[in-house]
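A.B. asks: As given, the protein sequences belong to chains A and B, one line each in that order.
Take 10 as the starting number for the first sequence in this note's numbering and just add one per residue.
Take 10 as the starting number for the second sequence in this note's numbering and just add one per residue.
Read the hints as simulated data drawn from the structure, not as lab findings.
Worth double-checking, as some hints may not be accurate.
The list treats identical chains as interchangeable, and a pair is accepted whether it falls inside one copy or across any two copies.
[To be verified] Subject to a maximum C-alpha distance of 30 Å in a straight line, what follows is the list of computed DSSO-like cross-link-like pairs (lysine-lysine): (1) Lys42 - Lys104; (2) Lys104 - Lys221; (3) Lys158 - Lys347.
Number of protein chains: 2
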Amino acid sequence: MSESKKLTAGIIRNDRLMSDARTIRYYDTNGQKREVLDSRPVEVQPTIGELRLDPLVNEWVAMAAHRQGRVFLPPKELCPLCPTTGELLTEIPEKDYEVVVFDNRSPSLRPPVGDWALPDIVGPDTDLGTAAGKCEVICFAPEHGNSFKDLSPQRVRTLLEAWIDRTEELSQSSFIEHIAPFENRGEEIGVTISHPHGQIYAYSYIPPKVEKMLAAANKYKQETGKILFDAIVERELRDEERIVARNDRWLAYVPYAARYPFEIHVTPLNPVADLTGLTAQDREAFPEIALEVMKRLDGVFGIEMAYIAAWHQAPVRIGRDVMRLHWQITSVRRAPGKLKYLAGSESAMGAFIMDMRPEQSAGQLREVIL
Amino acid sequence: MSESKKLTAGIIRNDRLMSDARTIRYYDTNGQKREVLDSRPVEVQPTIGELRLDPLVNEWVAMAAHRQGRVFLPPKELCPLCPTTGELLTEIPEKDYEVVVFDNRSPSLRPPVGDWALPDIVGPDTDLGTAAGKCEVICFAPEHGNSFKDLSPQRVRTLLEAWIDRTEELSQSSFIEHIAPFENRGEEIGVTISHPHGQIYAYSYIPPKVEKMLAAANKYKQETGKILFDAIVERELRDEERIVARNDRWLAYVPYAARYPFEIHVTPLNPVADLTGLTAQDREAFPEIALEVMKRLDGVFGIEMAYIAAWHQAPVRIGRDVMRLHWQITSVRRAPGKLKYLAGSESAMGAFIMDMRPEQSAGQLREVIL
Chain A
10 MSESKKLTAG IIRNDRLMSD ARTIRYYDTN GQKREVLDSR PVEVQPTIGE
60 LRLDPLVNEW VAMAAHRQGR VFLPPKELCP LCPTTGELLT EIPEKDYEVV
110 VFDNRSPSLR PPVGDWALPD IVGPDTDLGT AAGKCEVICF APEHGNSFKD
160 LSPQRVRTLL EAWIDRTEEL SQSSFIEHIA PFENRGEEIG VTISHPHGQI
210 YAYSYIPPKV EKMLAAANKY KQETGKILFD AIVERELRDE ERIVARNDRW
260 LAYVPYAARY PFEIHVTPLN PVADLTGLTA QDREAFPEIA LEVMKRLDGV
310 FGIEMAYIAA WHQAPVRIGR DVMRLHWQIT SVRRAPGKLK YLAGSESAMG
360 AFIMDMRPEQ SAGQLREVIL
Chain B
10 MSESKKLTAG IIRNDRLMSD ARTIRYYDTN GQKREVLDSR PVEVQPTIGE
60 LRLDPLVNEW VAMAAHRQGR VFLPPKELCP LCPTTGELLT EIPEKDYEVV
110 VFDNRSPSLR PPVGDWALPD IVGPDTDLGT AAGKCEVICF APEHGNSFKD
160 LSPQRVRTLL EAWIDRTEEL SQSSFIEHIA PFENRGEEIG VTISHPHGQI
210 YAYSYIPPKV EKMLAAANKY KQETGKILFD AIVERELRDE ERIVARNDRW
260 LAYVPYAARY PFEIHVTPLN PVADLTGLTA QDREAFPEIA LEVMKRLDGV
310 FGIEMAYIAA WHQAPVRIGR DVMRLHWQIT SVRRAPGKLK YLAGSESAMG
360 AFIMDMRPEQ SAGQLREVIL
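Same shape as in the complex, but just chain A (with noise of 0.2 Å):
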């Protein structure tokens, strides 16, 4: 199999399979040719996992048993994610890549084989379900040891079209109800790669955090007829003193009741529901924002930050008139040497508790020579 499709920017995608059946995707700019192939053995492919109702909360846990074995920070000659050299195959085949998008070999979820719906919720009578959905690593570069802050622009445009290209593909499997792209970095975090990387998590369910954000959008939709996360962006833009960094495209702010020590949000001003929405000149801005705004966060304690970055998008089939796109980037690190840990309140009741007002963060970002 060899395919290759045009998008935009000049972007072509290549795809590729690999010695296991998974498929590689490489997203170029020079017009490479992608034909090494993936010389490994071929690997029994796991099976796909359990889904199981938590019924105290109405919430699926998907179980991934096979995974206690996966790869944990293997050492820089080891790097799975490092393009093939010589005698070490690794996950891409190329000596070379811009960004690549492959399956993971360990993916907590799957595509199902034949038929696949959620079984209904009734209580702890749930029928067991099986973890449908797909699982996507995404490569932000070649060099092992550099950050997303270390990209060139040209780099994080490439990058966003390939988010862009997999939500949009994604979204066109039957079983697939939710993407997310993210991004964690940091040993702090439980990053066990140190390799500029994300992943992509495409999911058979709406995930617990996003169906809560559809309810509240609904409800003050319903209440107001206006569309909850514009109101919201509308009390940053008025209130200012929160705002981080923005550009005639993009806005990257300290939300108003931030849980983390450091979060930012960034926002689209041109608000869509979803990666694939984006204009050619909100994509054309991202680079630069984006860019800004992880050096500001590594450079408040002069320090590489651990964050989750994930964009929140709406739903593929629902909600998509009242949610909308944006990047969230949490961090845990309060002070170099110390981190905020969810303890009993945040994880045993959900209840949030915050030891630095948002403006305060907000200002420490703005401060940031860059």
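Given the structure of chain A, go ahead and fit chain B onto it with the hints provided.
C.D. replies: The following block gives chain B in isolation, referenced to the frame of chain A:
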């Protein structure tokens, strides 16, 4: 001020004022007098924090900006929870104690002054609230470095009585809607003082997790006429394979859809809404199962497990007919040297992925030789 109150099982509570007007309560079994004064200089009390609505999900976030400077892993000889000896004036003036509960010196939530009400929720236009409530510290034993599992059965009985007493008294405050006694253990989850102790959070709002449990319980009652939690316990008794320990009055099991590598729920077999509803027999039978569960948890890998142990109760005023008391113990330890982290899927999307089947962890817990 000095008050004395007789509780059940011969336990007597003595209250004293601390130098800064906080209250300390001694729970004793041997009729001890508690007359030593707190001779520390008076400190200025921090002011009440803010309560801000996160309108994206309609959840309150408490802002306690004064907490940044709080005590962080003090050396053993400066532990504020050890009894006062010689020159070291700690939070507890007496030179020995059994169980004590005192008002937190850096509380996230404080009793409000004058009339207090939660602002109406109207999206981003919601008014700023004050972080009303109460935070207390509960010390389990005077010995530094010990753990819950090292307590004598009689001490656990006294501790349970203190939890019950605090629930009963805090329930009488007009501004308190929910009471959550919990214990955080382990540096891995951010515990800042290595002395066996827990906390009691009394919220002026229904914590988000409780709100979600209440919604599920109400829905189940409406649809089936039955109590959700009772049906869950029935299923666990029927399935049997996830039961970890039991006696005549209590059951401990790994829940069917556990979210953490090690998660144990402990429930009285005679269901009650909150701690105050426990019968004399329930109270007498608790120390045995509580100590067994904690010993099994530490026995799995032969190391001290980091955990959160939280009492889930019915809220003070609502849902008392559908919510049930139980104790949830969750550990992020998935193997020696390996923790489960809540990253992109869990933290940003609320979607939990489990790497281990609950039946496996239940088996490991049962196999521990005590």
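A.B. asks: Look at each hint and say if it fits the structure.
C.D. replies: Against the structure, the hints come out as follows:
1. Taking identical chains as interchangeable, the C-alpha atoms of Lys42 and Lys104 lie at most 30 Å apart only when both belong to the same chain, with a minimum of 12 Å there against 77 Å between chains.
2. Neither within a single protomer nor between protomers do Lys104 and Lys221 lie at most 30 Å apart by alpha-carbon distance, with minima of 44 Å and 50 Å respectively.
3. For a Cα distance limit of 30 Å, the shortest separation of Lys158 from Lys347 qualifies both inside one copy, at 22 Å, and across copies, at 28 Å.
The structure fails to meet hint 2 from the earlier list, while all remaining hints are met.
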